[in-house]
Structures are given as C-alpha cells and as structure tokens.
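Trainee: Going down the list, the protein sequences come from chains A and B.
Every letter in the first sequence is one number past the one before it in numbering that gives the first Met the number 0, and letter 63, counting from 1, is 62.
Every letter in the second sequence is one number past the one before it in numbering that gives the first Met the number 0, and letter 193, counting from 1, is 192.
Among the hints, erroneous ones may be present.
As the list claims (entries may be wrong) - Okay, derived cross-link-like pairs now, BS3-like style, lysine-lysine, Cα gap no bigger than 25 angstroms in a straight line: (1) B:Lys200 / A:Lys115; (2) B:Lys201 / A:Lys96; (3) A:Lys96 / B:Lys94; (4) B:Lys119 / A:Lys122; (5) A:Lys96 / B:Lys69; (6) B:Lys200 / A:Lys122; (7) A:Lys96 / B:Lys200; (8) A:Lys96 / B:Lys44.
Unchecked claim - Here's a subset of chain B near chain A, in silico, CB distances under 10 angstroms, partners left out: (9) Glu39; (10) Lys40; (11) Gly184.
Derived by calculation from the structure, the hints in this document are not laboratory data.
C-beta atoms are modelled at their ideal positions from N, C-alpha and C, and glycine is treated no differently.
For reference, the chains in residue letters:
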Amino acid sequence: MTEKTTNTLQALVVEDDIDSLEVLTSILDSTKIIHSESSRTGESAIAYFKKNRPDITFLDIDIPAPNGIETLREIRTFDSSAKVVMVTGCSDIETVKEAISLGAFGYVVKPFVPEKILSVIKKLRE
Amino acid sequence: MNNSKQTKLLVVDDSDTNRLLLQFTLDELGYQVDEAVDGEKAVEKAIENDYAAIIMDINMPVMSGPEAAKMLLNLNYESPIIACSAEDDQLTINKYLDEGFSGFIAKPIEPINVINLLKKLSIGPSTEDKFNSPEHQKKLEQLGERFRGNLPAIISKLQRAMELQSFEELQKICHKLKGSASQFGYERVTRISDDLERAIKKGKTQVAIDKTTSLVLELKRIENELQ
Chain A
0 MTEKTTNTLQ ALVVEDDIDS LEVLTSILDS TKIIHSESSR TGESAIAYFK KNRPDITFLD
60 IDIPAPNGIE TLREIRTFDS SAKVVMVTGC SDIETVKEAI SLGAFGYVVK PFVPEKILSV
120 IKKLRE
Chain B
0 MNNSKQTKLL VVDDSDTNRL LLQFTLDELG YQVDEAVDGE KAVEKAIEND YAAIIMDINM
60 PVMSGPEAAK MLLNLNYESP IIACSAEDDQ LTINKYLDEG FSGFIAKPIE PINVINLLKK
120 LSIGPSTEDK FNSPEHQKKL EQLGERFRGN LPAIISKLQR AMELQSFEEL QKICHKLKGS
180 ASQFGYERVT RISDDLERAI KKGKTQVAID KTTSLVLELK RIENELQ
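Model the full assembly from the supplied sequences, consistent with the hints where possible.
Mentor: Here is the structure:
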C-alpha cells in the first residue's frame, strides 16, 4: 500500500469481492500517488467517508445493503462535492441514469482496465 | 514486449446502411469497429469498452446522439465523441461543439473527412498499452493463482448448493464469481454467472439449474486445462 503523505490522493475502494478489491487497489497503489483504503459494505463506507472525506471513492454497485446506489446517495447528501466513481460488472442504462442523477463522477466496468482507472484519476487532478 | 493493438472505435447510427458504410471505411483504414443502434446502447457500450473515439449520429430513436453524449460527459468520459449529421451548417456544427462533441463529420460521409478528423484528433489505427507496472502484473498473477487454486472448493460449493436447492447460496457464489473471473481472463465464467444470477433473481428455477450445470462444467474445464 502506498505510504500516506500530504501529496498523495486519498482513495476509498468499496467492494465486497476480495479479488476485485485487490485488483483495483493494486492498480491505484502502483501509481505511487494514491493511498487507498477499503470497505466491504455500504455501511462501513459511509462511516469511513464521513470521518475521512477521501479525494475519490470507487464504489461497487452490487454491495450488500445499502447497495452502491443508496451508498452514493448517502455520501453525496453528506458532501455534494464528493467524487464517487461507480464500479460494476455490467452497465445497465437505468442504473447509469440514476448514478448520473445522483452526481456520480465516473463509471467503470469490470474487468478493470488500468488506463481507464488512471484517466479518472487524471480528470480528478484537472 | 510489443503492446501494439488495433484502435477500437464505436459507430452509433440507427441506419444499417450508414453503419455499414462507416464500418467499411474504418475497417479499410485498419481500425476495429463496434456498433450501436441508438444512444442508450452507445452509453452502455462506451462504459463497458475501451474506445479511442465514438462516431455518433444525432437523430436516433430511444436516445439521441446529444443526449447520449451528455450522459457520457457527465461521467467524465475521456475519449472524443464525434457528431455525425446531414445538418452541416456552421451554426449547427458550433452547437454540437458547444454541447461537448469533439468534432463533426457531415453526411453523406466522405472517407477523406473521416481520415482527416481522426488524424486531427491523433487517433491512429493502432495503439500501444501505456500502463506498465511490474508490481501490478505480479499482483494480478498471484491473484489469478489464488483464484485457480480455489476452483475445487467453488465447484464443491456449487454442487452442494444445487443438491440442497439453495438458490440463496447459489446466488452468493455466482455473484462473487461474476465479479472476479473476468479479471483473470475467464469471461465465459462471468457471463454464465451473470445469467445464473439474473435467473435466480427472476425466480426462473429451471434456467438457474441449467446455468449452474453449465457453470460447473466450465469451471471443471478450466481445472482440467491446468492439470
């Protein structure tokens, strides 16, 4: 895990599947500019977010209750400038519309393409 | 290692003829082309794939080109989205550019215009993978090993859940497989797991049993390949 310094970006990865969680954190940590923490449920993610306000959150849609969309709603209600990237196994247009209406910052589909993850980070720094 | 690969483009148009024409031109130029027939399908495909650019018709049923572009731009979509329309007066073109389109191609499509615009946007027919992290590759290999090592246990769990007709347990297993298998190149496992999860959610018992059988067979096939 990348060491936490003042110049690193703080990321939260919310994912109940350990393999996907480790692949994503490995991509983030390999950049050397991101310090990532993880949550396995929506509830712990919301609590972590409220306490630590990470720069970016990668949030799986299919997590146990509250699901990703509900967690996004809760996070964005708490902080309307929160940057939350939705993560999913398949893109369903109705969920995409809902995520946009709640102010999602981005949308990535598994399997993770490192370039796509990094382009989201690049956008964050612009 | 040579990471050069074909550049993938998405062509969105509700007219079969227009899509075919564009596909033919882009194919000849060496690009790999994917298609969508309306804005909604385009958004789904754009999210799921890695396109270097999208060439988007304006007037389409279900969802128009500008609506689809707006959705993607809201999600900070990176690749250029090119508008394609028969309305080619400067005022209309400027409107598209203001809406976030990166360029414009007039209909009927002239191949030279497509070539020039892609050149201007620096989108060549082949690309190189930029991401190269040995640490990440190593981690990916380790996780893949662990995934393969767990296959016998996963197969047993699936068989046990099937014997007990426990669809709740089956859903848990296939949900996890759906998320992880494709990370290690097992796209078919992800696809069957996705079908299985949908069948369980919809209460389609017989489909769920058939899909579980297919999933077990596919996992055993991978296991045999490893031996």
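Trainee: Hints broken by the structure, by number, lowest first?
Mentor: Of the numbered hints, 1 and 6 do not hold.
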